[in-house]
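Trainee: Next come the chains, spelled out residue by residue.
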Amino acid sequence: SRRHSVNRPPTPDVRDDDDDRPKKPSLLEIVNIKLIESGEKERLMELVRERLVECGWKDEMGALCRAVVKKNGRENVTVDDLVRAITPKGRASIPDSVKAELLQRIQTFLVSVAH
Amino acid sequence: MFVVDLQLSSDIFRDLLDSIVVDVASESHRIARLGLDRNLDLEEEELRLSAEARARASDPSHSGEANGKYIVDIFGQSHPAIANEIFDCMNCGRSIMAGRFAPHLEKCMGKGRKARLKATRSTTAAQNRYTRGSPLSTQTPYSNSTSMNRSSNGSSAIAGDDYSNGNLEEP
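Here the protein sequences line up with chains A and B, keeping their order.
First residue of the first sequence? That's 18 in my numbering, and the numbers climb one at a time after it.
First residue of the second sequence? That's 9 in my numbering, and the numbers climb one at a time after it.
Among these hints, one or two may not hold up.
Stated by the list, open to error - In silico negatives: residues of chain B with every beta carbon more than 12 Å from chain A:
(1) Leu14
(2) Leu24
(3) Val30
(4) Gly43
(5) Ser58
(6) Glu60
(7) Ile79
(8) Ile82
(9) Pro88
(10) Ala91
(11) Arg102
(12) Ser103
(13) Arg108
(14) Ala110
(15) Lys115
Said to hold, decoys possible - Where chain B lies over chain A, by a calculated footprint (3+ residues, C-beta under 8 Å):
(16) 58–65
(17) 83–94
(18) 103–112
(19) 122–131
Hints in this document: simulated from the structure, not taken from any laboratory.
As the structure is a prediction and not an experimental result, all values here were calculated from the model.
Quick reminder that beta carbons are idealized off the backbone N, C-alpha and C, glycines included.
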């Protein structure tokens, strides 16, 4: 589906980016490439999506979005508004079981590419 | 070769989550901008209203098709079997009931026996010699209209006309 942002670059945390020297690809970037090339990233995305729908997380985020739309006005709201509004709550309200399952999968993958 | 880094797997998980958040936000944005959330509410409202209407319709205290004498339509109106609005015929000027207008027009405009006789009588004798029957029946020699068939027998020799509806209107 076109909406899946498999290849979206990682949301940057606040980082000290004052250095001008050319950066070697970070470990994260290397791993990301491996994730995408192997198709594991797509599988992980599907898994997370499924889990987050099951536990009602997606509906909660949808409700949050509707609240933002109501506040800002339907014509004025941007995707960025919505992303900024739901990211903190979204990250915080992931069920522990879902997080654990995903971390397990990721670590298994990391082990497999390390060899 | 590296030791499995917990921070790394956390970062990867966070990236996945951010992508999903963008998807959810994008979907909600689309729904909001297209006004589809309005439609969702409307649909629920319509479903509710139609369910209420159904309950009312099946309520035995209302007269419907199964109960009571009159047939009731969806607006709750009942109509008589024959339309009873009255207006003036644009051909002869008489006051006619709407439900009886079609048979009236048939006679008024020349399909019926009396109308044809009347039209025949009103033309000159010379015309009668060349056109058998009413002026209307001479339009096409090949027409299959009943008036044409009948006039071939002579305008005065028509027998056995039967009208399926009872009331003859005398011109």
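Trainee: Going back to the hint list, which numbers does this structure go against?
Mentor: Hints 1, 2, 3, 4 contradicted; others consistent.
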